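Chemist: Below are the chains, spelled out letter by letter.
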Amino acid sequence: MPEIVNPHPERAGIADLVPELTKAAGEDFLEAVSEDDMDEIALRPGGLLAVITRLREAGFNHLLDVGGTDHHPLTPRFEISYILTAIPLGDVRDPRRLFGLKRFRLRVFPSDAEPVVPTLSDVWPSANWAEREIFDLFGVLFAGHPDLRRILNPDDWKGHPLRKDYPLRGLERRFAAGGHVGSVPPLRES
Amino acid sequence: MALNEHQPFVVTKLDEFLTWAQSSAIWPMTMGLACCAIEMMSIVSPRYDTARFGAEVFRSSPRQSDLMIVSGRVSNKMAPVLRQLYEQMPDPKWVISMGACASTGGVFDNYAITPADTFLPIDIYVPGCPPSPDALIYSLMQLRREIRAGSKTKVLAENA
Amino acid sequence: MTLDLRALESNPDLLLTPGDDRDTLILSMGPQHPSTHGVLRVMLKLDGETVISAEPEIGFLHTGIEKQAENLFWQQAITVVDRADYLAPLSNSLCFVLAAERLLDIDRQIPERARVLRVMFTELTRLASHLVWLGTHCLDLGAQSIFFYAFEMRERILSIMEFVTGARMHQSWFRIGGLAIDVPKGFLDTIDDFIGRFPDRLNDMRAIVEKNVIIVDRLVGIGKIGQQEAIDWGLTGPPLRATGIAYDVRRAHPYCDYDTYDFDVPTQTTGDCYARFVVRLDEMVQSWRIIKQARERFPGGPVVIDDRKIVPPPKTEIQHSMEALIHHFKLVSSGFNVPEGHIYQSVEGPRGEMGMYVTSAGGNKPWRVRWRPSSFYHTQALKRLAPGNLIADVVAIIGSMDPVFGDVDR
Chain H
1167 MPEIVNPHPE RAGIADLVPE LTKAAGEDFL EAVSEDDMDE IALRPGGLLA
1217 VITRLREAGF NHLLDVGGTD HHPLTPRFEI SYILTAIPLG DVRDPRRLFG
1267 LKRFRLRVFP SDAEPVVPTL SDVWPSANWA EREIFDLFGV LFAGHPDLRR
1317 ILNPDDWKGH PLRKDYPLRG LERRFAAGGH VGSVPPLRES
Chain P
1411 MALNEHQPFV VTKLDEFLTW AQSSAIWPMT MGLACCAIEM MSIVSPRYDT
1461 ARFGAEVFRS SPRQSDLMIV SGRVSNKMAP VLRQLYEQMP DPKWVISMGA
1511 CASTGGVFDN YAITPADTFL PIDIYVPGCP PSPDALIYSL MQLRREIRAG
1561 SKTKVLAENA
Chain E
987 MTLDLRALES NPDLLLTPGD DRDTLILSMG PQHPSTHGVL RVMLKLDGET
1037 VISAEPEIGF LHTGIEKQAE NLFWQQAITV VDRADYLAPL SNSLCFVLAA
1087 ERLLDIDRQI PERARVLRVM FTELTRLASH LVWLGTHCLD LGAQSIFFYA
1137 FEMRERILSI MEFVTGARMH QSWFRIGGLA IDVPKGFLDT IDDFIGRFPD
1187 RLNDMRAIVE KNVIIVDRLV GIGKIGQQEA IDWGLTGPPL RATGIAYDVR
1237 RAHPYCDYDT YDFDVPTQTT GDCYARFVVR LDEMVQSWRI IKQARERFPG
1287 GPVVIDDRKI VPPPKTEIQH SMEALIHHFK LVSSGFNVPE GHIYQSVEGP
1337 RGEMGMYVTS AGGNKPWRVR WRPSSFYHTQ ALKRLAPGNL IADVVAIIGS
1387 MDPVFGDVDR
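Chains as they are written, first to last, in the working numbering: chain H, 1167 to 1356; chain P, 1411 to 1570; chain E, 987 to 1396.
These are calculated hints, taken from the structure and not from any lab test.
Source: prediction; values computed, not measured.
Mixed in with the good hints, there may be bad ones.
One-sided excerpt, in silico: chain H residues whose CB lies under 10 Å from chain E [to be verified]:
#  : residue
1  : Met1204
2  : Pro1211
3  : Asp1236
4  : Thr1241
5  : Pro1242
6  : Pro1254
7  : Arg1259
8  : Leu1264
9  : Ala1293
10 : Ile1317
11 : Pro1320
12 : Leu1334
13 : Gly1336
14 : Glu1338
Just so it is clear, CB atoms sit at the ideal spot from N, CA and C, and this is done for glycine as well.
Throw the hints in and build the complete structure from the sequences for me.
Modeler: Spelled out as structure tokens, the structure:
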């Protein structure tokens, strides 16, 4: 095992962080779990920005991913998961300094009736498209997003495909065999 | 463009000459969509080398190409683009639907993927996921036979 | 700059930007374009040839892989998951398989032979992917010969893949519980031949491109990004390592015994296209080292765990044993159940950190497979990298970020 060099011993370890995040989330806090892969806290959208601020102060500067899950028919059905990691800056060309980087997960559960989550695109530019994708696939809105429109499906697509009540084969076939979008000329015959 | 035995000798020979010319230099369009595109790129690599068939010149502009190889899965957003590209190609033009996804939707039986023949007329379907470059070259050979013979039914009759 | 394309169709005057005292042109680059490495549309706002702003538009390859995976058994989902980042299929399957194994809690039981072969073939996949990158990136920059060198080498790797797994691409060889089949006789000679040949060929290729005056001119100083910005834009993999941060998931969060292999993590400091270029070339050398070490280890033993509830029994046993037949039947007709839970598993793909946040609801199909697509974030970074450059530089930048649109759009 390589020797672990901890460049920032003054930073709080994850265990110390969780009570602070719980306090920051306030009444929106749901639960904190230490999973196999990383620690996580679950919360409602109201506490998201406060928790993110605290996490950034603790050194979690890289937003790895923003993902969505639909737990229908359970409620709350939508889960927006944020995975963060803390990457040191400067001269970090020695990979041993990056061994065992801290990771953290936030699971945000907006309400079913009005799924709105504050945007993180002004904090991390990388969140911009990820949130658009969640809007496209799940229909969760991101308050304050500069450009919330569909990204993967065509602009006039109906429905949110990754919801559990959206059928796998979709609601309509855009290009039915037998053609319609521009007529399909027959194959050249002799 | 049928070959009619009753046509005068000169016209028949002209037909043969034209189809020989067309089939010997089929210029595909750089229409790589997904994984099949990588195998399509492999056909110009040294091992498979379509240069010997006159087909290594991949033209990016649809105006200068005569073959569209739909190489990869066609999503709902991409289909109108493909249709427009097809319409921009000058005649005579051919379309090869490469791979399972372009031919039938492949492994993906869902809302997002549509087979190519729902909006394009296809001349040759190539099975595989992805088809090996050998399979694509075989399909190119089949297309050449079809062009030379003038129609698909004639090719089938010859090979029966 | 956001562009409402529907509005543009009805009101073409929007193309002229009022209040702008330069004549700007909006050019749609793609989605069919020889140099966008796939189906990408970049709406470029140009002042002459200089890009003022760039708005990439994706979704032209959206396949619904994540939704498809929710409707397939755990073992079946490996086949669709392979097809996302189609240049590195085994990396994708490795990520999914590791996630499922951790949820099943069998990750410590995977036999050593399977782990060594997984590492060896993942590194071969990385080499194959980097060779495509090298060939196509240099082709975009105008160097056509290197495409042939790179693809010839790639053909050797794909031949090995076909020899062992039966398929050139989309092997679906990694399975939950080990591997689908063991390597055939003659594999060791084949891999030794490859290991012997590769360094010279790589050196030939490097000699052509690495210090080539045209490549250097076209790549140095283009698409420069600093460390803080790289992190803000979510970059990982070679683009992040080119800024001087040696973040490699194989070293930061080792999986499959990567902590027992001896390899470096190449970095550069300038953060421009040339740095990314050199990082990937150096990574090829490191991958070759890992393959060599894996070959030297090559332990014997089984390639699957001994749990008939997850891995089908060998065919010879099915002919004698009723129990084996029933296990096989159950596995094929209704798969196996994975305990409830969720996990984020990441691997170092050729493009960067490829991760999957897999949620299981206790059933025989995944509840949700959220892909962490490295190319998605890299393509988004074009918004930041392209402005200020010429159109030809945009081509160089796209190539240096190496996006694969199966990964971006899934």
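Chemist: Does the structure break any of the earlier hints, and which numbers would those be?
Modeler: Those not satisfied are hints 2, 4, 5, 14.
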